[in-house]
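So you can see what is in the structure, the chains are spelled out below.
Protein chains: 2
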Amino acid sequence: MMAKPGIPKGTRDFSPIEVAKRQYIIQIIKSNFEKYGFQPIETPSFENSDTLMGKYGEEGDRLIFKILNSGDYLAKADEKHLTDRNSQKLTAHISEKALRYDLTVPFARYVVQHQNEIEFPFKRYQIQPVWRADRPQKGRFREFYQCDADVVGSTSLWQEVELVQLYDGVFSALGLKGVTIKINNRKILSGIAEVIGASDKLIDFTVALDKLDKIGEDGVKKEMIEKGIAEAAIAKVQPLFNFTGTISEKIEKLSVLLAESEEGQKGVEELRFICETVTELGMNDSILDLDVTLARGLNYYTGAIFEVAPPAGVAMGSIGGGGRYDDLTGIFGLKNVSGVGISFGLDRIYLVLEELGLFPETVSETSKAIFLNFGNKETLYAMNAIKKLRAQGIKVELYPDAVKLGKQFQYADKRTIAYAVIVGDQEMNDQKYTVKNLHTGEQQALDFTALQDLLE
Amino acid sequence: MMAKPGIPKGTRDFSPIEVAKRQYIIQIIKSNFEKYGFQPIETPSFENSDTLMGKYGEEGDRLIFKILNSGDYLAKADEKHLTDRNSQKLTAHISEKALRYDLTVPFARYVVQHQNEIEFPFKRYQIQPVWRADRPQKGRFREFYQCDADVVGSTSLWQEVELVQLYDGVFSALGLKGVTIKINNRKILSGIAEVIGASDKLIDFTVALDKLDKIGEDGVKKEMIEKGIAEAAIAKVQPLFNFTGTISEKIEKLSVLLAESEEGQKGVEELRFICETVTELGMNDSILDLDVTLARGLNYYTGAIFEVAPPAGVAMGSIGGGGRYDDLTGIFGLKNVSGVGISFGLDRIYLVLEELGLFPETVSETSKAIFLNFGNKETLYAMNAIKKLRAQGIKVELYPDAVKLGKQFQYADKRTIAYAVIVGDQEMNDQKYTVKNLHTGEQQALDFTALQDLLE
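Chains A and B, in that order, give the protein sequences.
Just so we're aligned: the first sequence equals residues 0 to 455 in numbering that gives the first Met the number 0.
Just so we're aligned: the second sequence equals residues 0 to 455 in numbering that gives the first Met the number 0.
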C-alpha cells in the first residue's frame, strides 16, 4: 500500500529545533506562572459536546471540531435529518464529543465539577493545545497551544496588578523589551455607552474610534454617524478624539468625561488603583498604557481588559490578552465566582523572538559530542566512556555504524555537534580519547577526566 | 443555561498534584532521551484519515476516533449509504481526519514527508497524547500519553544495546529498582515456528507456553495439542519447557534447539551480541532477562523485542515495550529504512511509583511562602518584597483579599504552604517581615535579606 504523506491543512509538524524553541518559551512562561503561585491543571482534549456548544456564539459552534460517535453511529440517527440531509441537525445525533475550542470553558467546567476539592481563590495555569475549524491562513492554525493563567474566587484588584507584573516578568525573561501592556475596563466602555446614550452602538463606536490613527478624526466621526450614532452624542465624548498623555492624565480625562456614569466612575477607580500600583512597584522592560478602544471579548469581560502589543517596529497583532470576568462558572451552575486571567500567544511570541533574533544559541544545542564508530571492539571501549558521561548528565551519542569516517564526520557536521571523539587502537592502548573540535578542526588526545571536563 | 458538568468516559482531569507528578516522570524520561542523543518532534493531534486507516488492523480501524467534516458534511454523502444507514461506509464520506492512535505511524509519515530535511540515522523522541475508542476500564483510558524514542536509518545492534541502557537509566533515575527488561527476537520465534513445522501456529504456541507458570508443563502441552500442534513438533522443542538459567545458558539452549534454522541462528547471534554487550557494560538497577514467550506486535517487529516488567511484588502489566522493525516507512513509500524503538507507559509508571511511595516530596511543593493581606497599604509594602523574591526565582504568593486572618491561615494550611509572612504597621516601621513557620508555629521577625535566605 502506498499513501502520499501529508498532514491536514492548518496543522503542523514541529522539527527538533522548532520543538526546542517552543519548549524554551513554554518553560519560561511555566516557571513564571509557578513563581506567581499558579498551579497546573490539565483537562481532556475532548469534552462532552454540551459542555462546549453554545458557549462561543453561533460562529464558535461552527468552528468546533466534532468527533463522530464510534460504532454504528447511524443506528440512532433521526430518519428525517438523514432524508433532509440536514447536517446541522444530524450532528447532535451522531456526535457526542468535541475537541476543546479554548482552555477557558473547560476550566470553568473543571472548577464547577471539582469545587469541593479546590481551595479558593484558585490560581491555575494550563498550557495545552486547542482546535478550531477556522480557515487556515498565515499565523492562524487549526491546532495551536494556549497558555492561560487565571484566578477564580476573589474580586481583589491586586490580582490585576500581579497579572500585569506577570506579563512584564515573562517578556523580560524572554529578552523581549518594550512590549506594551494595554489596559482598559469594561466599565469604562459601559460608561461611554451611557454617555453616548446607546449601549447597542458601543462596538460600532469603539471599532470606529480605533481607526483614529488611520483615518483621522473626521473619518472616524463620519463612520460613527453612518453607524447611527448621534452627532450630539459624539460631541459629548470629544476628549476621546485627542486621548493622549500619561496614564494619570488619561484617567483624569476619563473621570471628567464619565462624571455622570456611576459604572464609568467605578471603572475609573479600578483603572486608577491598578495603574498607580503597577507604576509604584515599577516594571522591568514593558510599558503600561491605557487604551480606551480596547474591547476584546466585550460580552465576556466585566472589569479589566488586557492586551499585549509586541515592541514597536514589529508588525504583528497582539501577543497576549485577558481580563476580568464575573460569571464564568455560572454557565455550569456555580454563581458568583469572579475570575481574572491572562493568556500568552505562543505562536506569535515565537515569530517575534525569531524576527528579533532573541532565541539564545543554546536552545538548538543537541549532543555535546559524538563518538565515531571504528568497529565493535573500539565501540565497546567508547561505550564505557559514553555511559559514564551520560551518568554525569552530559549529552553524548554514538554513531551506530562502522561506516567510512567521512560519512560519520559529515553527519556530525550536519547535526551541528561540536566535538567528535575518535577511539582507535592507539587510544585504547593509551587509555585516551582523541577529541576533534569540529569548528576549528583542532584535535587533542585526552584522558577520561579531561574529556569529561571539556564536555561538561 | 445550566449544564451538569462532567467529562467523557475514559478521559481524565488532572489536578495540580497529578500534573506535577506526571511532569516529574516526563521530565526524567525527556532528559534521558536527550542524554542519549534523541531529539524531540511533535506531530498534529489529527492526521488525514488515510494516513491512519488500515495501519492497525480491523480492530484498530474501529478504535480510531474520526472527526466529522466541518460545514454541510452531508452534501457530499453517498445517497445509498444514507438510506442503507451504513455507518461504516458513510464514514469515509463525512470524515476526512482522525485523532492519532499511536505515535509510530505519525512518526513514519513524518520521516517520509521530511526525508530530505532529516539526517539519518534519525534519533527522535515524541511525548504526546494518543486516543483510542477502547472500552474504558481500570488503567485503560481513551486519552493517554505515549513516550517513544526511536532510531531509523541504521541496522546497528548497538542501538538495541543503548535502548536497554536507556530503559535502565530512566528507571534508575525514577528510583525504581529491580525492573526486568525482557528481551526476545522475532527471528527466534520464526526459528521455533520452523522447528515445530507450523508458522501459522506460532501465536498459539507462544500463548500456551506463556502459561507454563500457571498451568504447568502438562497443561501447556494439552493446550498446544488442542490447538492442533503435533506431539512430535512439541517434543522437538522440549527444552523450552524447562527454559531456566542465566541468559548465556538460555542462549546456548536456543542455539542448539534452533541449529537447523538459519533465521533462528541469526536471532541467536543478535541476542548474544546485545545481551553480552549489555552485561559487559553493566546495568544500574535493572535486570535483563531473555523471555522466549515475548511476542508483542508479532507482525510488526522483525528483530529484537523488548518488554519491561515492574519490580517483583508489584501487580501490574508491562511498563514499557518496543523492538526492531525493518519496514515501518514502507507503508508511505520509503523502503528499506530499518528502525528500532522503545516506549514508556506513563500511566502505569505513575501507578507503580505511587504504590511504592517513590515520588519525591518536593514534587508537590507549591509556593514557598504566602504573604497575608492586611489591607492595601501593608500589601503595597509586601508586594515590593514579593517582587524582589520572585526576581530571585523564589515562588511566593499574596493572599488577594484583606479578610479575617483565620481564613487566610486556613488557606495557607490547606495549600500546604510552609511559611506565612505577616506585614503590619510594626513590620513596616521596622522594615521587617514576620515569618510564621506553619508546621511548627514558630514565628520570627526578619529583615529582607534574612527572609530571602530562609525562602531560597
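Some hints here could point you the wrong way.
Quick list of the computed label-pair ranges, beta carbon to beta carbon [claimed, not checked]: (1) B:Lys387 x A:Asp209: 50 to 56 Å; (2) B:His113 x A:Asp209: 30 to 36 Å; (3) A:Pro135 x B:Gly5: 30 to 36 Å; (4) B:Glu259 x A:Arg11: 48 to 54 Å; (5) A:Thr82 x B:Arg11: 55 to 61 Å; (6) B:Gln451 x A:Ala229: 45 to 51 Å; (7) A:Lys376 x B:Lys387: 56 to 62 Å.
In case anyone wonders, no lab produced these hints; they're calculated from the structure.
Bear in mind that the values here come from a model prediction, so they are computed numbers and not experimental data.
For each residue, glycine too, the CB sits at the ideal point set by N, CA and C.
_Numbers of unmet hints, in rising order_ = 1, 2, 5 and 6
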